[in-house]
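Peer 1: Each chain is listed here by its residues.
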Amino acid sequence: MKYTKFILIFLLSLFMTGCVSYSDLNELGIIDMVAIDKIDNEYVVSINMLLPNENDLENKKIYTSKNSSLNECLNDLYLSTTKKISFSHLELLILTPNLVKNDYDEIINLFLNRVDSRNTFNTVIVDTPAQIFNYKSKDINDLININSEQEGTVTIKQFDQIIKDILELGISYIPRIKIEEEIKIEGYQSIYYQNKLLSQEESIGYNFISNKITKLLFTVDEIGFITDQSLTNIKVDNNKITINIDTTYQITSNNNSIKNDSKIAKKYKDEIKRYINYYLDKNPHNYFYNLIKKHNYKYYNNNIRNINLEFDIKITATKIDNSNIKGGMFNE
Amino acid sequence: MNKDSKISPLEVCFLSSFLYRSFYIIGFFNLIIKISKEDSIFSIIISSILGLMILYGYFYINNSLPNHNIFNKIKKTFPKIISDFLISILIVIFIFISGFVLYNLSIFIKYNLLNDISIIPISILLIIAVMYISSKGINTITRVSGILIFIFILFVIISFISLINYSNPINIYPLLTNNFFNIYEGSIYSCILSVTPIFLLLIIPKVKIEKNSKYHKYMLITYIVNYIYILISFILVISILGVKLANIINYPDIVVLQKVSLLHFIERIEDLLSFKVMFDGFIFLSLATFYIKEGINNLFNIKPNKTTIMVINIFILITSLYLRIVNIKIIVYLLTIILFIHCALMLFIRKK
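Chain order of the listed sequences is A and B.
Position 283 (the first sequence) corresponds to 659 in this note's numbering; numbering is contiguous.
Position 263 (the second sequence) corresponds to 267 in this note's numbering; numbering is contiguous.
It cannot be assumed that every hint is accurate.
[What the hints assert, rightly or not] What the simulated footprint calls covered on chain A by chain B, stretch by stretch (three residues with Cβ under 8 angstroms from a Cβ of chain B suffice, anywhere in the stretch; the number is not a length):
#1 380-387
#2 420-428
#3 486-498
#4 538-549
For the record, the hints were derived by calculation from the structure and aren't laboratory data.
Glycine included, every Cβ here is placed at the ideal spot set by N, Cα and C.
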């Protein structure tokens, strides 16, 4: 029995250390950003490999390959990198407007079949992916995050959410950024069913409908508004869609020409309605067809090709008095 | 530890709770969601009602000839040729199923934790641990499950509390849109995969369990609690991922754990939390090995020794590495045969 125990301990120590087949940590090339573009019917894949060393903790190297399929691109990258490519800490996927429906199918297949990818990384769209590597993935993620919390134009979109949108709605909206002298948010880019850049108003409208507004700043007739909270509740009755938005707001600046509170509130509500109508008029209604499918499957199934949507937007706006907020931004 | 000492009914209940989930590791969620889609929740509810019949079968056999384990009960009920045949079938089927669970457990570990290591060392490592525990006897297996259940509960609490924020009830709809046959098929698969492994517990004679008058009551409570857990797990998976996404990814129950975040700074703990699924497979393997050993000892009248366990585990290892069964439906058919054998036993067994 003593020999058995000895053999067991020996075998355990042998296998526990993983010495049969292993990868040393310094042999791994951690990728934090991947950019996928399509030029002349060929994919262009760029990866940002983090290579920290004693002298430079932020040392990195960019590798690029061009080929007819994404897997071939990755195979090319394996040949050109000195370290093993690992997507386990991927923070940002960068796509371009050049990608179409089939390309997204291939991208989804690529990441779903990779065992080292978590699929919870953020995704953005950019015109010039090469330039984005001048920035850190954290900077870009923070830019979108802060915009989401303070401005309300776009919100963070994770890759698994995009897959879910594509599978269920056939369309997804991804934040699009522009690089000039600095990086700047343009709005949402619709992908898959339709490839289009949404204006700032359409993007805000989409955020209101999908209940993603945490804070929003806008000005109407020289009156500055901040939306503090917003809760969207959509009711579906066959083809009638009622969008109820319950929101609170503050006034940041007023030219004193309008002093009537109800008039100010009307201006605030009309502006939000304008954003939502802007989105509804110029974009496909896949989101609402899916809602009808979820709420009334029988109606959806019987009228699958003939549903004329009727929208009713109801907004409840509650003004918060700045002077009541202790330590508030505008409290004197 | 005295091998003849009695086992607490609570420990057996803990052990049974792992058995109900022993096939989670082999794609239980994928199978049920693929068949029943949005109506998977109804499949689980129906399967919990159907499963009560299997549980009743277990209670009935357990009450009959309470001094004997399953193999002695078979021997005392059927003529020698038939009993030997039935015992042989049980042994062979459980070797196959154990090989299948071991292979899938190794694949799971490779897929989620050890990407660069091949399956063979993982399987060998697992089988060594299984060999050690099962060689110590049923008391050790129940004690191990008693310890693991607390870790399991901790992981479940962390998972559920973190994931509840991500669930979107709209993803569960539309309900009752699938063919009833699909819902029923899903419930049959769910019932067989979840409840049939409970027959492994028949290896413990009823007299070996302390306060056995309350044992069945505890078992019923465990069964209900376990089905509530399964139901909540399905609701969470479908409400977070949606049916279509859950359908195309492997291990959706583990993928949702990627979203777990404690106080917004403890993140990426899905690998740790995924251990809860591994415990199920590990406990099943330990008990199945012990069951097979008792069956072989009974069939060939071998005196208890360590070599039998070692040979059984080598067989399981070889089965897992060479058969490489990946279709879960084969396991459902094998479990159905086990169910039929126990139904036959129920019909012919004497009460005392």
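Peer 1: So, for every hint listed, does it hold in this structure?
Peer 2: Here is what the structure says about each hint:
Evaluation of the coverage hint for the segment 380-387 of chain A: fulfilled, as 3 residues show C-beta separations to chain B shorter than 8 angstroms, against a requirement of three. Given as covered by chain B, the segment 420-428 of chain A fails the check, having 0 residues with a CB less than 8 angstroms from a CB of that chain where 3 are the minimum. Residues of the segment 486-498 of chain A with a Cβ under 8 angstroms from some Cβ of chain B number 6, which satisfies the need for three, so the listed coverage holds. Restraint check on the segment 538-549 of chain A versus chain B: 4 residues with Cβ-Cβ distances below 8 angstroms, three needed, restraint holds.
The structure is inconsistent with hint 2 alone, although it conforms to all the rest.
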